[in-house]
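Trainee: Going line by line, the protein sequences match chains A and B. If you're matching positions, the first sequence starts at 144 in my numbering and goes up one per residue. If you're matching positions, the second sequence starts at 62 in my numbering and goes up one per residue.
Careful, some of the hints might be misleading.
[To be verified] Not everything, but these chain B residues come out facing chain A in the computed CB check (under 10 Å): (1) V141; (2) L145; (3) V148; (4) T165; (5) L175; (6) S176.
[Unchecked claim] Each computed EDC-like pair below joins lysine to aspartate or glutamate, with the alpha-carbon atoms no more than 20 Å apart: (7) B:K618 to B:D571; (8) B:K618 to B:E579; (9) A:K463 to B:E634; (10) A:K463 to B:D298; (11) B:K618 to B:E634.
Hints in this document: simulated from the structure, not taken from any laboratory. Values in this document were obtained by computation on a predicted structure and should not be read as measured data. Backbone N, C-alpha and C define an ideal beta-carbon position, used for all residues, glycine too.
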Amino acid sequence: MSWDIAFILSTDGVATGAIYLLAGIGLVLIFSVTRVVFVPFGDIAAFAALSLAAFETDRLPPTIGLVLTLAALALVAEIVGHVRKRCAAQIPKAIVAWGLLPALPCALAWAVLAAHGPGWLQVVAAIALVVPIAPLLARLTLQPIADASVLVLLIVSLALHFLLSGLGLLFFGPEGSRTRPLVDATWTIADGYSIGGQTLLMVASALVLSGLFFLFFEHTVTGKALRATAVNRVGARLVGIRPARTALLAYTGASLLAGMIGVLIAPVTTMYYDSGFILGLKAFIAAIIGGLVSYPLTALGALAVGVFESFASFWSGEMKDVLVFSLLIPVLLLRSWLATHADEEEEEIDE
Amino acid sequence: MNGRVLRRAGVAAAIVLVALAPLVLGKFAVSLLNDIGIGALVALGLVLLTGIGGATSFGQAAFVGVAAYATAWLTTAHGVSPWLGLVFALALTGLAALAIGVLTLRLGGHYLPLSTIAWGISIPLLFGNLDALGRHTGLSGIPPLQIGPWRLLEPRAIYYLIWAGVGGACLFSRNLLHSRAGRAIRSLRGGATLLASVGADAFGVRLALFVTAALLAGFAGWLYAHMNRFVSPSPFDVRASIEYLLMVVAGGLGQIAGAIVGSGLVLLLKNSLQDVLPLLSQRGARLEAVAFSIIFILLLHHARAGLTGFVARWGRQRFADRIEPAHDEAAEPLPRRPMPERGSELLTVVHAVKRFGGLVAVDDVSFDVRAGEIVGLIGPNGAGKSTMFNLLTGTLRMTSGQVRFAGHDITGLAQRKIARLGIARTFQHVKLRPRMNLLDNVALGAHARGRAGVLRAGLRLERREERQIAAEARRQLERIGLGGRAHELAGSLPLGTQRILEIGRALAADPVLLVLDEPAAGLRRAEKEALAAMLRRLRSEGVTILIVEHDMDFVMKLVDRLIVMDFGSKLVEGVPAAVRADPRVQAAYLGGSPEPYPANPEAAP
């Protein structure tokens, strides 16, 4: 392997690592607040990419149908819940929060398409369109069993992935698509060594977004409430934080991240309806390096996974996924040795 | 009607139905039943592993694949008999499971299921990328099975082989669960400390279970390969693994029959969805995954016990087993440990120190316990009693110092090995298996006194030992006064009785030293008196008891000698009256300066 190939592989790896970093933050965010390993994360990213592709080919993104269906179901669930609890006064609020709010990005998407909005507006619309997906899914499938064991939550979350990829096939079809690059420039550092603008954009986005997340967690009350819920749910509830609301916030934040990931990778990889799964799983490896709780370690892990994958794909394009997943085994072993987990009794699944 | 009779009638009816099915059903229905049988084998492994052992696997289909590819490769590339293929397939699956298990089964919490996703994806990817395995096109032309002159080409021909396999596997699993190894498996969810306290190795038990489940999947894979006579990577991917898990959840995680019921439900549903969905929409076939996911999520929301779990609960309410099953009293007793001579030195703690970072929890404590006495370890909150307890039983490693027990140096020995030397313990927070009956809970205590493993248990070759263990458990239940209640569930007992039952479990280990962690906590007065009476009786039978306790009144009336700890170090040691009179003890308990205090607290105002 010559130096220029190593350089290309490294920059590629860092760019991929930046994507895994964003996904890893999303996963850690959800897991630490809700104890859910959110497998469908990658699917949401894929939906954002495919929505952008739809805009570029002048089609209305089918995502709108998905969001509106989910919103309708969530609204029904909310209204039924309020009626059962005999507090009809809450119903108008529920209609606004669960019916109108998720419809806003759909309206935006429709308007952008009708007015042939500029590229950047399409990107914004594509991201906005997927933001309601995770919170709506969580409201329907995860919140009713929020106190179940981690394992049950994991199984539900995996089932959600299969649900989303099935819907993805239904809505987007089996064809893959790639979108126009967001930036076209290329910088030459030295003879034979150059960096693409898209790579820089990916790395810069990862840095800026993780910086913003850091500020949010350290310096805002909401961020602190999220951290408090992550540390101790019961304790957080005692000081007046509502876990259901912080969970919703975490899902929304993660969904936003997934949307950004989708539009960032759509120009460099051909995205299919089911491309998100593998992406999400690789981000998991990064998140597991961080023990599913530490953001800085997740960042390091993401970078390592990205670079490892890049070099592995040079060695064998077909086996790269096998190699990346085998990376999980030493990581898990190390984790389980480091962990001083108390000898807890495991909850029964069927209770 | 009796529940047992009803259950037997149900099993007999199921066998007759399965035997007659091919005579009345068409070819298509029979091959569907073949698929159901193969699915049931994999699901059975998951019932044992996930439903009972509590370890979730998202990669079971990969084991089916390893076996299917193993036999496919051997029989096509080398032209050997499929029966040799079976041996090779099971060996390879077993080895793969052993390797994966050794690497991952120590993982705690959600890491284990996540790691199963990783190898559940990697193994099928490997199949699709190896030239020798035909890459994504797979291997075809696999020979059919042959028994003597019969070639099992037709679905009807292989049907009986598959369902005999399912029947055999169910019987094996049933035998396994009602054995020494099975009790350990059913106790896995109680945590590693519980198993170590009866001398069992949780990791070893889990590994044996994991390999057993993988072998069931491997057997299914072998049948699959020779039934379809073609293998490709896609039926073994993570999606298929989830489908097996769905079968188990739908059928009932806790029941053996759940595997067959679940496999039937899922495959019939899949089949009818394939018929119905295309009528609904042009893209209907694609809706299958969507429909499945929705059903799965709804099941997890509303019916986690599955269909058989529901039936079992319904049956328990109406047809409870009122008659105690007959048992064999003639079993010869299990061999007993030689008891040390009364008054000889049994347990010696020398300069024990335990530091947690900067905190010294136990600071240079030395004491000894002699055979046949009851010694109390007391002290105010935070005195280091529980830490001392954990050092003795091997739950924690001491920083420095030494513990000798009956001539052995047990410093730094694993908890399990200490238990096997004859120290039996109970837990401050009761650790019983709530859904096992009293007899099984006590029999778990005798784990270290038996030897039969998974294979012998499954084949019922250990009945003599099992009868001995059952007889011993009954004896201990009589000893603690719960003789008539052997078949009640431990979870239905009040706390006081649960503590007594834990002592019964400890006694089943034939201990030399019984170590009790706050046995009187949470007990009512009458229960405390019963407990004290029982401990005195045990002492008179030669059992040595070390008791860590808070309840002064209870301890003072019971013990021969007391050791008082305060702030991690030993304060006083002596007979109860002397300890009670000691001003340092009074200061430690009541605070303030050591002033004289009436020797009898009941006489105080």
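Trainee: In ascending order, which of the hints set out earlier in this document are inconsistent with the structure?
Mentor: 1, 2, 3, 7, 9
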